[in-house]
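Participant: Note that the sequence shown covers residues 1 to 557 in this note's numbering.
Keep in mind that the hints were calculated from the coordinates and are not lab data.
Hints should not be assumed to be uniformly reliable.
Stated by the list, open to error - Here are the computed lysine-lysine pairs in the DSSO-like style, where the Cα-Cα straight-line distance is at most 30 Å:
1. K331 - K528
2. K423 - K280
3. K208 - K239
4. K333 - K314
5. K57 - K112
6. K401 - K372
7. K333 - K401
8. K57 - K208
To be verified - Computed Cβ-Cβ distance ranges for the label pairs, DEER-style:
9. K206 - T129: 26 to 32 Å
10. R430 - E336: 46 to 52 Å
11. K401 - E512: 28 to 34 Å
12. A270 - H309: 23 to 29 Å
13. R278 - G240: 54 to 60 Å
14. L255 - R55: 30 to 36 Å
By construction, the Cβ of each residue, glycine as well, lies at the ideal position given by its N, Cα and C atoms.
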Amino acid sequence: MVRHRLVSFPLLMRGILLVIGGFLFGMPVSGLADSDRLIPQYDVVLDVQKDHTLRVKETIRYDFGEKEFNQFSRDIPLEGISVDVQKATATDQENTRYTTKREDGTLLIDVKSGEEKFSGRHTFTVVYTVTGPLWYQANSLRSDTEYWQRGAFRHYEDFDEVYWNAIGDQWDAPVANSTVTVNLPNEVDVNSIKTSCYTGEQGSTKQKCTTQQNENTVTFTLDTTLQEAFFTVAVGFEKGVVAGVSSFEQTKYILIRRVLPGIVGVLFLALIGWLYYRAKNQYTLKRPIVRQYKPPQELRPAEVSRIYHQETKKDEFAATIVDLAVRGVIKIKEEEKDKFIGSEKIHKLELRDPDYRERDDLRAYETELLEKIFAQEHLEEEGDQPLVNMETLNKKHALAKHASDIQEQIYTDMNGEEYFRSKPQRIAGRWMALGAILAFVGAGVALGTSYLWWGVMLAIVGVGFFLFGNVVPKRTQAGADMYSQIEGYRQYVNVAEEERLEFQEKENIFFELLPYAMVLGVADKWGKAFEDVVTEPPEWYEGGHGTAAAAGGFSAG
Numbered sequence: 001m002v003r004h005r006l007v008s009f010p011l012l013m014r015g016i017l018l019v020i021g022g023f024l025f026g027m028p029v030s031g032l033a034d035s036d037r038l039i040p041q042y043d044v045v046l047d048v049q050k051d052h053t054l055r056v057k058e059t060i061r062y063d064f065g066e067k068e069f070n071q072f073s074r075d076i077p078l079e080g081i082s083v084d085v086q087k088a089t090a091t092d093q094e095n096t097r098y099t100t101k102r103e104d105g106t107l108l109i110d111v112k113s114g115e116e117k118f119s120g121r122h123t124f125t126v127v128y129t130v131t132g133p134l135w136y137q138a139n140s141l142r143s144d145t146e147y148w149q150r151g152a153f154r155h156y157e158d159f160d161e162v163y164w165n166a167i168g169d170q171w172d173a174p175v176a177n178s179t180v181t182v183n184l185p186n187e188v189d190v191n192s193i194k195t196s197c198y199t200g201e202q203g204s205t206k207q208k209c210t211t212q213q214n215e216n217t218v219t220f221t222l223d224t225t226l227q228e229a230f231f232t233v234a235v236g237f238e239k240g241v242v243a244g245v246s247s248f249e250q251t252k253y254i255l256i257r258r259v260l261p262g263i264v265g266v267l268f269l270a271l272i273g274w275l276y277y278r279a280k281n282q283y284t285l286k287r288p289i290v291r292q293y294k295p296p297q298e299l300r301p302a303e304v305s306r307i308y309h310q311e312t313k314k315d316e317f318a319a320t321i322v323d324l325a326v327r328g329v330i331k332i333k334e335e336e337k338d339k340f341i342g343s344e345k346i347h348k349l350e351l352r353d354p355d356y357r358e359r360d361d362l363r364a365y366e367t368e369l370l371e372k373i374f375a376q377e378h379l380e381e382e383g384d385q386p387l388v389n390m391e392t393l394n395k396k397h398a399l400a401k402h403a404s405d406i407q408e409q410i411y412t413d414m415n416g417e418e419y420f421r422s423k424p425q426r427i428a429g430r431w432m433a434l435g436a437i438l439a440f441v442g443a444g445v446a447l448g449t450s451y452l453w454w455g456v457m458l459a460i461v462g463v464g465f466f467l468f469g470n471v472v473p474k475r476t477q478a479g480a481d482m483y484s485q486i487e488g489y490r491q492y493v494n495v496a497e498e499e500r501l502e503f504q505e506k507e508n509i510f511f512e513l514l515p516y517a518m519v520l521g522v523a524d525k526w527g528k529a530f531e532d533v534v535t536e537p538p539e540w541y542e543g544g545h546g547t548a549a550a551a552g553g554f555s556a557g
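Please model the complete structure; the sequences and the hints are all you need to start from.
Facilitator: Right, here's the structure in full:
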């Protein structure tokens, strides 16, 4: 496709003013084309070379109108082609020169005439040759044809074809008249020539054009005025005149474009598998996992959760609040709240130890959590002790606003460097970011270039790295050993109901270990194992109704 670009500061300013005016006053913004600008004649000559080269000569008669412009510009999109410019000049003006540059996949050709401006009618000639890399158009949902293409040439099974968008749809002036002349090599059998031309928007099948053949020359004449529309020509001819695609080239193409991406993709996926295996087995468990009747006592519930899951979990705060209640710092109150239909349970937290900051048994993150919960702006005027409604707290996002800081403090307090090779979220984030970038680039390559299978491969590998980031082990040897103890306790709780607990006579054990069961996802089974033993809520939980799981039903939201 070939399109046209004009550079004019007054035109640019006019466009800006039109856009601003359209936004401010609700007026529709029209195109920037001036009614006095016109392309009276646009002629293209295509010389087909037997070496896959297409020589293009464009003669453009352009009417600038009364305005003055610094330069005349031609933009040639380079998708699937390479362009070598031999000439670009204003034939009716002296001392013209041209410059070229590549920008965003487009070749920009600018024609200037010293200090002189362009206005009125001028004739421009642009000469260039077109080549291009080999690529294959397979039968797909978008196309029901198959062919090999190199530059402007398409190689079908039974014939070859030169296919060219002589005029693109980006012109800012109407094209009144146009001819496209295609000169085929003398060796082409005139009886093998097939022609077609199309006009209108991209993909249009309109044929407002006529065709005339004279021996090996085909001339297409535009029968309509083009306004932001294409004029496309196609000339088919016998195979063997223009160099075809050899078996070696086809095999090389298939290997590079289809087979190699698959091989590289398999190797990358194997690498991901090896990285996972290596990370998982770098720090192995020194002994088989055995059931533990208690979780590691030196760790708080939130710390157990962090080591077990290798990531932050929303249950950390709820379990920490229950643990603080078990240790006598706070009291959890359950109340019924009437609604239009029925009622709902709400939870309130009462501070039982106002001097909690002086306690030696609180971690820094536990103190910080209490400070955020019982901040002055959250307190209710009810009773002698500070009281907070969790429903109100959640609506204000009081904990959510400070969640990352508290979670960071958990890692610090538990001496996370002892249990993890790095911060779990940092390890996961690196791999997931790499995966997301690869998937994004792969999608762009697959959808925006002819390297479909390379793009698909990159996208699949990206998804693999993204998933790897979620599951890659992040523990040190000490972390693996601690995980073994935690998993032993989780397995014990998992079968506690069936085997009955030897600690059932100790009612306190249920509440002491409940926060740990919460973060390990086995609170329900823990409750069922004690339902015949624990019939009343503990003294730190007010409002339960006689089930062992009453306190375990608390949530921090």
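Participant: Hint by hint, note whether the structure agrees.
Facilitator: Cross-check of the supplied hints:
1. K331 - K528: Status holds; Cα separation ~23 Å.
2. K423 - K280: holds (16 Å)
3. K208 - K239: holds (29 Å)
4. K333 - K314: holds (21 Å)
5. K57 - K112: Answer holds: K57 to K112 is near 19 Å, not above 30 Å.
6. K401 - K372: Distance of about 10 Å is within 30 Å: holds.
7. K333 - K401: Given that 30 Å is the threshold and the Cα spacing comes to 24 Å, the pair holds.
8. K57 - K208: holds (23 Å)
9. K206 - T129: 26 to 32 Å: At 30 Å between Cβs, range holds.
10. R430 - E336: 46 to 52 Å: holds (48 Å)
11. K401 - E512: 28 to 34 Å: Since K401 and E512 have Cβ atoms about 31 Å apart, the given range 28 to 34 Å holds.
12. A270 - H309: 23 to 29 Å: holds (28 Å)
13. R278 - G240: 54 to 60 Å: Holds, at about 57 Å.
14. L255 - R55: 30 to 36 Å: Because 32 Å falls inside the window, the suggested range holds.
Violation of the numbered hints given earlier is absent; every hint is satisfied by the structure.
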